[in-house]
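Sequences and hints are given; from them, build the entire structure.
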Amino acid sequence: MKSKETNKRRLLMKSKALLYCLVVLSFLVLLTIAAVAEEAYEGQTIHVVGFRIAGMDELMAKVPEFEKKYNINVEFDMLSMEAMRQKMRMDFEGNTKKIDVGLSSIHITPTLIEGNNILPLNDFLESDLVEPELLAFDDYFPAAIDAVTYPSEVLSGEDKIWGLPFHFEVQGLMYRKSVYEKYNLKVPTTWEEYIENAKIIYEGEAPDIYGLVWRSLRSPQIIWAFNQVFRGFGGKYFANYPTDLHPTLDNETTRAALQYFKDSFDYAPPGSRSWAYTEVITALSDGAVAQSCDDLMYARYLEDHETSKTVGDWGYAPIPIKSGLDYDDIAFGPAIGAAEHWVINADISDVKKQAAFKFIQWATSKPVLSELAASGAMRGFLTRTSMYEIQKDEEWVKGFLEAQKHSSKLARPKLPEWVKLSEVLSTKVSQVIIGEKEVNDAAKELQKEFTTILEEAGRI
Amino acid sequence: MSKTHNLKRSNLLILPFIVTLTILTLIPFVMLIYLSLTSGGFSLKARQFVFLSNFIKILNSERFWKAALTTLYWISGAIVLEFPLGLIIALALKRADRRGLKGKNLLNTIFLIPLAIAPVVVGVMWRFMFNSSFGIINYLLKLIGVNGIDWLGGKMALFSVILVDIWEFTPLFILILYAGLQTIPEQMYEAASVDGAGYFQSLWYLTLPIIKPVAAVVIVIRLIDLMRWIVTIFIMTGGGPGTKTEILNVYLYYLAFWQYDIDKSSALAIVLIIISAIYAYIFARLSTKGTNIISG
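Taken in sequence, the protein lines are chains A and B.
First residue of the first sequence? That's 11 in this note's numbering, and the numbers climb one at a time after it.
First residue of the second sequence? That's 48 in this note's numbering, and the numbers climb one at a time after it.
It cannot be assumed that every hint is accurate.
Part of the chain B face toward chain A, derived, beta carbon under 10 Å [what the hints assert, rightly or not]:
(1) Ser-180
(2) Lys-202
(3) Thr-284
(4) Gly-285
(5) Pro-288
(6) Lys-291
(7) Glu-293
Think of the hints as simulated: they come from the structure by calculation, not from any bench.
The beta carbon of each residue, even a glycine, is placed where N, CA and C say it ideally should be.
Given below as structure tokens:
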């Protein structure tokens, strides 16, 4: 009896000991697996499309560093801007899953959000995939994050971050300091002062130097220019964006903005009613024009000794607004703050999404963008505060910081239908400036065509 | 081997080519028709049949008819100037040929250079040349006392793009018409000369009737080409200023790739195909017609 009990006790002890060993061994095995296991995204290949903008060549040159660090292969396609946007839309909407990461913008992001084609990043930004020293979220300019946040009232889902900003650009005023000094002109804060300065310069200097220049080629370029005037006059495209999208274009404000824009060409170089970005920058860099209101990223050309004859002669300031108005009166601000941002295809596998997030985190990271800023590749863009620190002695930076206070993520509507609306707007504005259409007729037709497009889309 | 057997074997040999060509042509065309009769953006899955609604929207739009009129001006302007200019130069080359003038081959080469340059390059080049402020054309005009012309920013825009097309494609007329002129035997001109015909009489009664089929072919080729042209216009003016240079193909581009309106742009593409098909029919008829004076 005693030996039976003893045997039982021994068996129990042995069992317990065995159990303990198994538990400890399992723990050790799991620990080992965790230590040596590859991250799920490693070994993945991601297909990235971009276009040649400032810093992109330099970023592409650094891709092997990313590939080595994360063991993720990157197939990088550099296309033209239009080709890239078309390809992204076709691939994302057509669900062909060939592109994993693309460089998007306000032109196509709203449509991609609406179609659930791209991934909101909020969950990723709070996940283990984040490397705090890389992402450094607080280092982004708040306006840059605003630019990649899209309003839930007009788009599916909540207000979310839909991309990480690579570029953040802002519109502002650029003026020749020497010409201003010569005529004792002050930096204009109103559109009236701006055109008065243009008139004085034109009368004193033309045809050697003209008073102003706009991008006016019939394309998104003319919208970039006209929108500043329209907003600065207090214009609103819609009754109460983003909740009430009934167009409000057949009114005195629109007519006044169109008339101002048309009349301003009297002080611009002849033939500039169809100028694109290239001609405008050439004219400014050559010293043929003394002022312009446009993207402050022009500074990368105006302050480049290789391309500009006017280096060091440029001052930068915020966009003017109509006299009698305050910046706070302007719905959404007069200046566009826009960001080219990296987005992730929502239809790819989970591991590819992780790999894609790793890439965009790296591509917009504090170390990478700081390096690009230090090399001069990102002159004109301040996506992060750290980039400001590197470039803060440059004249354009001071202007940029002032200008971005009056810029807004909503200065250009973030609607999927904006691509159609902007094409109509571009055509009408172009017709007005060459006298093909009267201001009154243009305002009426804009109201009518905007209404038709939004009704067809079910927005009103 | 019988004739029938040979024919069957020949048909069998070219069958793979015909099948491939049919598939490559037919499938996109069928897809286009499907897109034009349905609505649903880029998605192929969630499309709804709207039958002729897209066509009605296109044909009801003022912008379509304006673009159609601009297209008519564009085609007429180009052909009316390219053909006579091409003919004159081809005749001059032929005359130089007959007289054995040196440098003819060099001239031939120079005339063909515009045709050899990529249309994108042509567009960019002329865009800068036409620039009112710093373009070379206005600079040279200024030297002879002519003040800056606004080539691309105003009423001159359509004329300017037509001018570029003339520069680029007159060489095509020269090439083809010159080849046509080469087929006319010298003896015919000698015989005409013996009968007392002068240069212009030979030209009117002999040369032009013989090259008529060749001329018809090249004109219709250019007509079809002009209908579908976009490159230089898009680069030089973007269809603007306003809608001054917006031909139907440019309007189609904006519908498809700026507005991303796949439904309406597919319908417009079908309309353009129908118009081009009519031209192609004319081409087929004219190319089989015509006199054969040489063989009698």
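Checked hints:
no. : hint    : result
1   : Ser-180 : 4 Å, holds
2   : Lys-202 : 8 Å, holds
3   : Thr-284 : 6 Å, holds
4   : Gly-285 : 5 Å, holds
5   : Pro-288 : 4 Å, holds
6   : Lys-291 : 7 Å, holds
7   : Glu-293 : 8 Å, holds
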